[in-house]
Structures are given as structure tokens and as C-alpha cells.
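Asker: Sequence:
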Amino acid sequence: MNEGQNDRKQEKVFMKWYYAVQKGKKPGIYSDWASCSQAVEAVSGAVYKKFRTREEAERFLLSDGYEKKSGAPAPSSSRKVPSPGKKKTPSLTPSAEEVKAEFSGIDSSAIAYVDGSYNALSGVYAYGAILLERSGELSYFQGSGSDPELAVMRNVSGEILGSMRAVLEGIRHGLSSLTIFYDYMGIEAWADGQWKCNKKGTIAYRDFIKEKRKEIAISFRKVPAHSGVLFNELADRIAKEAAGIQ
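2 is the number that my numbering gives to position 2 of the sequence shown; each next residue is one higher, with no gaps.
It is possible that some hints are incorrect.
[Claimed, not checked] Under the rule of at most 27 Å between Cα atoms (straight-line distance), these lysine-lysine pairs were calculated in the DSSO-like manner:
| hint | residue 1 | residue 2 |
| --- | --- | --- |
| 1 | 210 | 200 |
| 2 | 212 | 222 |
| 3 | 50 | 25 |
| 4 | 49 | 16 |
| 5 | 210 | 196 |
By construction, these hints were calculated from the structure, which means they are not laboratory data.
Could you build all of it, start to finish, from the sequences and the hints given here?
Answerer: Here it is as C-alpha cells:
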């Protein structure tokens with residue numbers, strides 16, 4: 001074996017992987033196969049995958065995932081706007097005036113609107129998230145899940161996932177700061193320690209925000225639910241679509 005082959009072999013041996021478990025005994029991200037295998041062992045229809053980076057694993061964990069296998073509707077992440085019906089829908093490139101209005105009083109490099117939904121018939125919770133950068137770039141994201149332990153929080157679990165997805169996308173876009181608009185107070189209160197976290201979903205969310213604040217500045221703003229705020233209404237609409245609610 002020549003020196004180059006030996007170097008490549010050593011590189012392969014020490015290569016780190018991240019294992020994301022979407023459906024298992026304990027969904028989450030694991031840094032070694034032994035822990036991952038324990039989380040999925042004897043679980044029917046377990047869903048998991050390994051990634052080179054933690055960011056990729058986190059995006060997979062928040063994606064639509066295994067609902068496709070169960071037959072429940074689970075649209076994949078997309079920048080396309082769902083059918084708007086009679087409501088006004090923003091273009092993919094907002095006008096300079098629209099961007100200026102959205103960033104009025106905001107110092108962050110981007111803003112996000114997040115909302116959650118819950119389908120009581122299927123037990124699927126889902127999120128819709130919209131990311132608007134100062135450049136005017138507008139992105140749409142949606143996803144869903146059906147972990148029974150998280151489903152007890154209904155649409156709140158979806159809104160939590162939407163907030164997490166917005167943060168991940170902000171980091172992926174190389175943004176230094178992000179302001180998240182929400183309509184459920186827990187999105188801010190759990191993240192900032194105002195409310196006690198006593199469920200799996202809220203604990204994971206609090207810890208996630210704490211960790212990601214090392215990479216991006218995160219602030220929050222409350223917006224009244226169903227009050228006609230354009231981007232919040234759009235986030236609500238795509239969350240419902242992801243949950244399979246017409």
C-alpha cells in the first residue's frame with residue numbers, strides 16, 4: 001500500500017458520522033452507531049440515516065420523513081407557495097417596499113414567520129416557515145411528524161419544529177441574526193427560560209435554541225394569530241397543507 005492509500009484509509013477510519021433517528025424508541029441525533037442502534041432496535045418501521053455533518057442530520061430530523069410510508073400526507077420542503085385560494089400570496093421576490101416594511105424596527109439580517117397545525121384524524125403535526133432576508137430573498141419550508149409523545153402537544157409541536165427549521169435555514173444561509181415571528185407564546189418563553197420545560201419536545205427545543213445561539217443571534221416577536229398578517233397567514237396555510245388539512 002502506498003503512502004496516499006494509507007492516508008486515505010486513516011482518514012476513513014477517523015471520519016465522524018451523525019445518526020439522525022426520526023422514528024425510534026427515542027428520536028434524536030446520535031454521534032455513534034451503538035447509541036443509534038439501541039434507539040431503533042425492535043422498532044417496527046424505524047426511520048434513521050447517517051450524515052457527515054450535524055446540520056444535515058438536524059435538517060433530516062425536521063423534514064417530513066416517515067409519514068410518506070404510512071400513507072399520511074407529508075409534503076417535502078419547498079420554496080413553492082401552495083394554492084392560495086382567494087387570499088393574497090406574496091411573490092417569490094417581494095418588492096423593495098414590502099421588504100422595507102417587514103424590517104421596520106428590526107435589526108436582524110433576516111426574519112421568519114412560523115406556525116403549526118395538527119390533524120386530529122391522522123395524528124400528524126406539521127409546520128410552515130417563511131424566511132425573508134434583507135436582500136428580498138423569500139423561502140418557504142414545511143414538514144410534519146407523528147411521534148405520539150410530541151403529538152399530545154398538537155399544533156404546538158409543529159410550531160416548535162417550524163422555529164427550529166427557521167434557525168437551521170438561517171445558519172445554512174450564513175446569516176448572523178434572525179428574528180422569529182410566532183403566534184404561540186411558548187415559542188419565545190421556552191427558548192428564553194420564561195416557561196418551565198417539562199415535556200420532551202419543549203426540553204429539546206430549549207436546548208436546541210441554546211446551542212444554536214452560539215452560531216446565530218436569535219430573537220422573537222409575538223404576532224396575533226389569525227389577524228390577517230400576510231406572512232403569518234401564509235405560514236399557517238402551508239402548515240395546514242403539510243398536516244393534510246384542506
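Asker: Run every hint past the structure and note whether it holds.
Answerer: Here's how the hints hold up against the structure:
no., hint, result
1, 210 with 200, "holds (16 Å)"
2, 212 with 222, "holds (20 Å)"
3, 50 with 25, "holds (17 Å)"
4, 49 with 16, "holds (14 Å)"
5, 210 with 196, "holds (15 Å)"
Figure legend: structure checked against the earlier numbered hints; every hint is met.
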